[in-house]
Amino acid sequence: MELTLWTYEGPPHVGALRIAASMEGVHYVLHAPQGDTYADLLFTMIERRDRRPPVTYTTFQARDLGGDTAELVKRSITEAVARFKPEALLVGESCTAELIQDQPGALAAGMDLGGVPMVSLDLPAYSKKENWGAAETFYQLVRGLLKNQIPAPGFTKPDPTRWRSEGRRPRVNLLGPSLLGFRCRDDVREITGLLAEHGIEVNVAAPLGARPADLLRLPQADLNVCLYPEVAGPACSWLERSFGMAVVRTVPIGVGATGEFLAELGERLGLELDLAGEADKRSRLPWYSRSVDSTYLTGKRVFIFADATHAIAAARIASQELGFTVVGLGTYSREQAREVRAAAQELGLEALITDDYLVVEKAMAEAAPELVLGTQMERHSAKRLGLPCAVISSPLHVQDVPARYSPQMGWEGANVIFDSWVHPLMMGLEEHLIGMFRHDFEFVDGHLSHLEGASAPATAATAPQAVAAGAATPANAIASTAAGAHARLANSAAPAASQDNGAVLTAGSVLAGGGQALGLHWSASGEAELSRIPFFVRGKVRRNTEAYARDRGVSTITEEVLYDAKAHFSR
Amino acid sequence: MAQSPASVAVLSADGIDVPSANPSTASSLDRPELIQQNGQREVFCGLTSIVWLHRRMPDAFFLVVGSRTCAHLVQSAAGVMIFAEPRFGTAILGERDLAGLADANEELDRLVRDLLERRPEIRTLFLVGSCPSEVIKLDLAKAAERLNHQHAGRVMVLSYSGSGIETTFTQGEDNALLAMVPLMPRSDEEQLLLVGTLADGVEERLTSLFQRLGIGLVRSLPPRSSTELPPVGKGTRMLLCQPFLSGTARALVDRGAQFVRSPYPLGVEGSRAWMAAAAAAFGIDPATVAAVLDPLVERGRRAIAPHREVLAGKRLFLLPDSQLELSLARFLQQECGMELVEVGTPYLDRLLMAEELALLPPATQLSEGQDVERQLDRLRSARPDLVVCGMGLANPLEAEGFVTKWSIELVFSPIHGIDQAGDLAELFARPLRRRALLQLP
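One line per chain: the protein sequences are A and B, in this order.
Converting from the first sequence to our numbering requires adding 256 to each position, the first position being numbered 1.
Counting from 1, position 269 in the second sequence corresponds to residue 258 in our numbering; the numbering is continuous, with no gaps.
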């Protein structure tokens, strides 16, 4: 028994629902009690779908339990087949039905379904979760439909370069995109376009938008692209084992990975691809990241928590393509924990593998990031901590299904990522101007930030200091040029900062001078020097300087102590 | 001037079990035959009511003992996201718990101990039964008893079922309140007891109106603080704020409360009848009632008027969901001039609904329970102007060209009382207004 206040993933049958709802011509009969129909709203409200998911629930009640629930299952199957005329039928059960052991799959197998292929789903509700259920369902469906096509043992693996001799273009399958997945709709379009530019056709994209008949055509492709390992991993492995189909596993999120993805495809397909300079030609991310305005992104501390695919991709983009410092990396996808651990290790971090959002929030607070990349839940946690955040992964909110074209994958995906991660931060030019004009009387600390609301507590605490500083020394130039150095002082002392959770949690109290309570005293000269430091790093400089003073038993922090601390931390 | 259209009767505990004794139900014999179909029921389960119950009693925690599905349902129904550490959670059963109930009980004890340590502000803990906990026959009543013993003086532990196999949607509140009834202190003090969760603001307003009528002592179940349960006894006159409290109403009658029969406080007329019924039960002169309420009624009708212009003559189809359907249908037909195509309800409690049934036009087609596919077939062939339905059906029906109002809003919004009638009408007029506003190709 495990206490769950909020969960990243639903039960496994919701994963099965995602597969059924993503496809055309598939119907799912789910043996489930009244109430489990809530899952429909995930599709009709969050995904804003214009039709009900193709599910028939048996919605049994207590009074049915005394009678024949197996009969109810059979009736539901008969009626669903008659009404919806599916091209393939999924039959399964939710957690409660699993306990009453009607075995709906076996019941369906004994029925005359008029030749409709039926796949029985066995999704252990008490040990598995949504993504596992989606992957298992997709795999079972693919296997169930293709079982008659499996070549005999000892067959010759199809050569992914055979398209040449067959006098046609190379063609691939895009596997894994599904409803309630993050930006899958647009990713499929982006990757289809990207492949077309290089003369590669998409044979089948599935499950999103595919029919059962399309799954029957999967082996006609030269290879499979495993776009979303959470959903397509087992199906890709099975197609590799049973049909000898090669798999491209690089997930094309970010410019580096997109380039590698194309290179891997070219190599497997025996296709000469001239990729030199393509990233720069096709995406703005490389230039935007090199442009001077982006220098302020250098070393920004980023905390990442998402499904495994998006977490790993985000860590790479953050560290290699935007010059951020990744200070936390984790996932709720236990099935892919190994990959996330490896990615974290490369960055000198220990991966956070958990499905407890409060543990994630605590880790987030301790890491003292300047930007959070996460799910909708991390967005809420970040809001509470006053941190900017961009959403990069499921679970979704209705606002993660935007009207505009907004992929994560490919060249355009890299553009979207640049904008959506950088906009929550303050722009470089803007930060510079704030430094220049911060002593003008019109200026109110914090009000220019893109981070709505988050700087409010800091504003209240620092405003009087800013006014005092303005009266004492109008040293505009010093303040703005010092910003970089002070930012280093603030950033290089992460361990010191992370010892003080309370301080991180309530920026207001930090800035108001928690030091006094600890027997530390700021002299007038120290305060004056501190007030010259731009407000957006002032809190951290104060905290680090106090930590430095405490370590050395210094009780009064003068201007000189501040500079000593600065020298100490910039080593 | 407005007179209560309902027969006002104060029934004793003996009377409550004999609905046929009430002449107002006689007209139901002339109705078209009740549609009762058994098929897929597109309704939430009773766990959903935790969403408003936990907000009503900030010192209570609702612990569902169930599966990941239960956790996912409550968070999905609660608006998909939560904004802090919530006062509800799920003890998710694992394979070990299913293997042996002894283990499950020990695990539950451990989990509750951890929870109470972490959340010292909790004064009442509701163990909420779910489909899986009931199927494996995990006895939560016994568990509550055991935990009460373990945590005596620190927290009160109660249990009830919110499972889908036992309850639909709003019935969860009925079961939660029912669990609190035995703990209510005994007192024969004269009081008006409002039963059912109201928005705090609405409760305050209604209480002050009752006091203006001359009813001095007005209390509520559930209370705002779970530890301050109202007393109950012979002096208690009980007025239901919600039509889904069948079990609680009967239990309170068993504890001596007098059941004040009335339509429910939705709309101007329903709310007036509701308040007037309480006043009559306290022997308050109808002239006093008129003096206090008539200006409100006048104003309420003015507030409804612009929405009536949009709604009048429009044909309405209500799918079963919140159990408020009959009251809403009565309001929208009587006060907003809508025509009723079909009024669906998850279940029909003829006793609690007698006054509402009496106010519906005799030709009203009612349906109880659901076979959603066949009901949607009827809906499509009837082509109503407005459909009231749950969130799973709203967008698909909009895509088919129907105008819809999702019903879950009705259990979260302040809609009770004469002063809210205009807002209630507006909720239904808005989708029609919007449809008229949009000029999309």
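Be aware that one or more of the hints could be misleading.
[To be verified] The calculated label-pair distances, taken between Cβ atoms and stated as ranges, are:
(1) A:G366 to B:L90: 55 to 61 angstroms
(2) A:D415 to B:A91: 57 to 63 angstroms
(3) B:E22 to A:D306: 43 to 49 angstroms
(4) B:L90 to A:D378: 20 to 26 angstroms
(5) B:S197 to A:T334: 56 to 62 angstroms
By construction, these hints were calculated from the structure, which means they are not laboratory data.
Remember, predicted model here, so these are calculated numbers, not experimental data.
No residue lacks a Cβ here, since even glycine has one placed at the ideal position from N, Cα and C.
Practice problem: State, for the Cβ atoms of G366 (chain A) and L90 (chain B), whether the hinted interval 55 to 61 angstroms holds or is violated. | Solution: Since the Cβ atoms of G366 (chain A) and L90 (chain B) sit about 33 angstroms apart, the hinted range of 55 to 61 angstroms is violated.
- Taking the CB of S197 (chain B) and the CB of T334 (chain A), does the distance hold inside 56 to 62 angstroms? holds, 58 angstroms
| Is the distance from the Cβ of D415 (chain A) to the Cβ of A91 (chain B) consistent with 57 to 63 angstroms? | Between D415 (chain A) and A91 (chain B), where Cβ atoms are some 60 angstroms apart, the hint holds.
Pairwise beta carbon distance, E22 (chain B) to D306 (chain A), judged against the given window 43 to 49 angstroms: Once the Cβ atoms are compared, 34 angstroms apart, the range 43 to 49 angstroms for D306 (chain A) and E22 (chain B) is violated.
Quick check: does the Cβ-Cβ distance between L90 (chain B) and D378 (chain A) fall within 20 to 26 angstroms?
holds, 24 angstroms
Checked against the numbered hints given earlier, the structure breaks hints 1, 3 and satisfies all the rest.
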